[in-house]
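Student: Chain by chain, the residues:
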Amino acid sequence: MGFHRSSFARAGLVAVLASGCYSSGGRGKPPIDDEMYFPVAVSVTTSGNVLVVANSDFDLAYNSGTVQAYDLAAIDAAARACEATPVPAGCDGIEAKTYVKASVRVGAFASDMTIVPLYDLASGDAPTREKPVAGVSRALIPVRGDATLTYIDVRESTDATGKTNVTLDCYAGAGPSQLGNDCDANHRVGQVATADARQLTLEGEPFAIAVPSYWSCPAISGGKCSQEPARSNGVAGIVHQVSGDVSVFRNTQKNGEAPTLAYTLSGLPASGDAIAALDLEPTTSTESFVPRFLVANRSQASLLLTSYIGDDGNPDRSALVASSLIPISLQATGYDTRGILVDPPGAGESRPTRVFLSSRSPASLIVGHIDPVSGSLLFYENVPLPIGPSRITRSTFTDASGIARSRIYVASYDSAYVVAYDPDARRLGAVIKAGRGPYSIAIDATRKLGYMANFIDGTIQVIELDADKHPDWYEQVIFTMGKPQGPRS
Amino acid sequence: MKRRPLPAPASRAALAFAVLGALVAPACSQTSTVVAVRSMERPKDVDFVCLLHTADDHWRGAPLSKCQSDDASNPIESQDYHLHAVVTQESRGELAVVDLGRGPADSSAALVKTDPRTLGYSFLPVGRIPTDVAADPNGEAVFVASGADRRIDILPAEMVRGPADTFYESGEALPWPKIDLSVADGVAASLAVVRDPVIGDRLYASLPDAIPAPKLAVFDLSKGALAPTRLADVTLGTKATAHVGAPTPACDTTSGQPWWATYEACFGGTLPKPKAPTQPTSTRNHLAGIAVVGGKLFAADDAAPVVHVFDLATGVEEQQIGVGSATARLAVSEPVPDEITVDNYAAITTCETMGWLGDGLDHSADSAVVAKLPTPGRCVAHRYVYAVDLVNADAGNGSLIVLDVPVVLARDATGAITKETLDVPGTEMKSPLYCDSPAFPMRRVPLGIYGLGGVNGIPIRAIAFSKHDPPSNASKHGVRCVGWGYNQNPKHAGAEFDATVATKIGAADRRNDEIAWAGSVSPQRLRGVFGLAALSNGSLAVVDVDDYDSLCRGPVETLGAKATGEVTTKVVQRHHPRLARVYNTDARGILNVTLSAGGVVLSNDTTSASGLAHPHLIPFGTTDDRVALAQDVPFALTAETWAATFEGAIPGYVGAAGTFGPTQDPTGGAAFYGLLDPAGHYCRRGVEAPATSAQEATNDFVQITDAICQGNSCSAADHATCQTYFGLDTDSTLLPTRELAIGRTFEDRVEIVKHGDFDKDGKFLWSDAASDTAWQKKLKTCFPGLTRYTVRARASWLVQGSASGYLHRRIPSVATDPSALCVDDATKPRVFHGRAYELPALKKDVKETPIATDESCVAYAGAPVPLFVNPAIKLAIRAGTAPSTRDMMFSLQLRNIAVPLALSISTLPRSVKSLARWELGVDKLNWQQVAVVDSIDRGLSLFSMGDVATSRNFP
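Chains as they are written, first to last, in my numbering: chain C, 19 to 507; chain X, 2 to 956.
Source of the hints: derived by calculation from the structure; they are not laboratory data. Hints may contain errors.
Pairs of lysine-lysine residues, derived as DSSO-like cross-links and limited to a Cα-Cα distance of at most 30 Å, are as follows [said to hold, decoys possible]:
| # | chain 1 | residue 1 | chain 2 | residue 2 |
| --- | --- | --- | --- | --- |
| 1 | C | Lys-451 | X | Lys-179 |
| 2 | C | Lys-487 | X | Lys-179 |
| 3 | X | Lys-829 | X | Lys-845 |
| 4 | X | Lys-179 | X | Lys-571 |
| 5 | X | Lys-914 | X | Lys-829 |
| 6 | X | Lys-914 | X | Lys-179 |
Covered by chain C, per the in silico footprint, the following chain X stretches (three or more residues, Cβ under 8 Å) [to be verified]:
| # | segment |
| --- | --- |
| 7 | 126–139 |
| 8 | 392–400 |
| 9 | 457–468 |
| 10 | 669–681 |
Glycine included, C-beta positions come from ideal geometry on N, C-alpha and C.
Given the sequences, and given the hints that come with them, work out the whole structure.
Tutor: Here's what the structure looks like:
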């Protein structure tokens, strides 16, 4: 008699949490490099041409997890063909390998991923945020199996035939279209204590990552910037699942350099689960920009606001401080927050920055905003969701009047739904049936498509997000990439 | 899709058995059918429709009044009428139907299985994301609005129980009519069905996303509810919005001002003007919840700070009422008289029993007691609009706005109401809690857990009113409870009723009925008109509007021998949270006042020399109470622990780190030596430092708590110097050289004006920080870069409440400027503070003089005023003969049992509706229950108003 994968997945999670082991993978066979296996995070590169998928090898069936690059132009073509097909069901079961451009192996239990642009800045150079290095993005992946921040530079190039090639650069000799190589130790940050000034190693269970998309240097002298975090070319915060502690990395967006672990803020509420950068837009402050992170956990009905205080004199002494505890008082219980999304106003919008939380206690989307007068984060509404909500994503597409409108998507893992919420109309827009275990969603702003990773099924579903051009398919699954994995023995 | 035929109703039971048999029998086919077993999933809205079960086993729609119960909860009709609840299922796009039976006590109530071919319950498919359901009061149809499809489903009443095919593919036509809305209309958010001889038979649909602007769509139902025709659209008016904020209300004090005005006067100041309500500024409207009464349709607006009022007879928007914040939902009460008191009891009773309430006439000549009303001779009637603001940073999100709309009730010769007219231009926004405490918002009622201490912490998710008027142990409706005998009103020396009126209304007999109600009066018995607010945390809060028992709730001395004996008559007040328990003599007080240092309790017995060495609290009045309540309003007190800590640490600086050095002056002045911490929030955290140098001895100070020479940044020699001068962070007592007096404060930086120092003889002194470059260099050497610190009060006691926190009035001068100068909030009274200053120690053989209980200042030469008064407590600290030491602490517990009545009835409620339907003063349903829809796990719940207990639950 076999186990259902979902049951197995839960059992595996319990076993891993209980043992506290940080396996970099099972001792079994190598992974299938062009198939998804418990995909845990999806994200689109800065060029908009490549979908990066982190597979967690959650049941340790293989000796490592994988990170794959998918060709979005080909996926888009397939999606449009499917929409034109009279029987959409005929599109399901498309082999994932058809679209895989490259793949590398990482530790097991990758748990999140974010993709950032890179900058060619010498230390002290004034930041030129508007001019990132072309053709390269960096995937930052917290990996619980080996307790690292694994980073992979995704290099895209076009060959003479116009074909896009992808290099997942995390090992010596990396080249286009390669599959099956391991990311080397240099790209697994946090294992070696001597690699940072405070002699830190990364705590166990790095679970979720957030990167402020804005950093500036208000005081530039002689073309040089000596202030943090601009001097560090960006920071990233990671929350640890068991301890709830938060680690901060510097140099996350410096081309050619590895991120460095700067500080770990400890003594925080246990069971950290989600983290989001609060500051996503330029500020008018004349002082250093202070990146702030919202951190959620499963044990308390509150959010923690942390601030990265850069030490301009000695960046290695920069620190993360706990600024305030923000109660989540509007829920019956409210202590099991699984996702955070910060939604700053888009072009043409005059509204405060909104903050959304996905809570499992009870299953709901909690809506709040940064009060423009007090600067405080206030929650004012909770919207029921299908059971088991997990991560939150937003799309921001410009409407006919030129105003950028947000739409919020919440994956409900347990009930296999994705819910679309219209924050302006304050109501649900759609309830989309997903595969088993929907967890992470990526938005393709270029093609107005969504990519939903189903953790248990091991599939990605492509969702139509263009209400104007494809109204009949709007917020419906166009096709499923990969075959759902059945029960295993 | 080829559909399977549905069985005739009579054969449904047989079919169910057949289906069951087929499933339990050995498999006869190769593929088994997976049957979804339904229960409610994310239900949202509910309404009620009456159906007649006919002799031939069919169901037919009927007017709602056919399902009416009598006062003993028995159906008034002999035929088999059943009340049905229809409940939208948001996630699945379905409508659940619950057969509630023939009356409130009918135990056969159950979910309806609408598709007999399936196992378990099955629900009716409707448009995706159903947002609102409205049943036709005539019982012809049920209308369901979709939040994703531009359609309104029209379900014929006879079809809501099925049998119906519930398996539909997306896009497949449903077997009942629907209204198609255009792209420009968008989707319908709210529906209302009106059957009115003047207005006509109408369906109203609010279209908040309509292009170019929100509007109401009006449909004519005169040719039948199943064939509506679109009659007109009502667009928003262009008239200027009017704010109806009431002037500052008069309080029940000698001066008419609130109690804290006397404390303000101690400083020679006048009461600060509360913040002016925000004037409507939004250019965008977005209609939200609606309510229809008296020929008007009230609509909340969750984008603009107005409530819309549409006149249904003329089909225009009559007024936009400015309320100061965007609102999400609203409800309108039944007409009620002025709030009843012992003083106006006779007049109000006369108005009600004579049928004069709201008639707009002057009855001065008819009744002397009515002539003495504040509105001489006129029996004023009110409807109240309770609107829930969506976002309100000042009052707390989801708190309650109260609008008072005067109404005129025309009556026929029998006294029956024939017409109601709402005086919308006469609407006034109330300030219900203004006089209770400065901690309460001026024009809002907070109902969440923090409601008793200030801003609302738990938003209201749904709001409704219920009028519950059971005459079960008396003979008449509308009878109030009184605690005194006939003509024994404690406030009346003689007869309380006019003689002729008393005869007409049978006052003596009526009094027997009124006294009869006093027998089992309790906070859980809800007789009268109440607001019911479902909070986002699942609780149902009750708001007192017109409690028929209110004159039995209070002291015997005031209300007569039959009263409850509670300590004040203020336990039941209009638009106040209803209290959960009887507020008797043990209701509130100050307990366990102690003085301690380092966890060791110290004596502060002023009769002993050792006790006199320590500071003590000066007693109040003759009771020897060391701490007094600032005021005695049950709603304004929170049960919590208060602590006053000498030179205590200001909250928020645990783990704080900043950088010392020359710092820009954000106000444009010269750079100064300071501490920069972008996360310091020195204004919002209440760091206090008068700007004048003369008072630097009492300014708050920075205390460096970090280790010296972090990161091996010092040479060995420097390390030795640093350790000698600053000591170690691990020392049991940090050296005073780590203390830096604060000058000006900004949100992200403070000016350092003095630093602790030693003279050449090793004696401590304060040195100027700005000019001491050697010290600045030493500080830089010993604490390079980020340095951990805390901020403490100097020479004063920092007062904090475990729930209320550390109160202060400091704010950034420009809220959005992260470097703004800190200033006092001029709109906050001075009772918002957290610093107690000591009175000088008593001279030898001088005994302490108690403070009068009503004292506000305590005369003492020197500022600041040493009597500490905040919104909860007041106390005065007398210094001991020995100086007070840092972190010495007075602590006390404030007990208060005035907790609001909050029923745990759901997990995440979406809708509240009364099972009463009042039409021109008559309840046409009379089920004496309230329905609550919970989106998470409890589905539809009904609870009884008589004892606020859940009676039935349909998950």
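Student: State the violated hints by number, sorted upward, taking the hints as numbered earlier in the document.
Tutor: Failing hints, ascending: 3, 4, 5.
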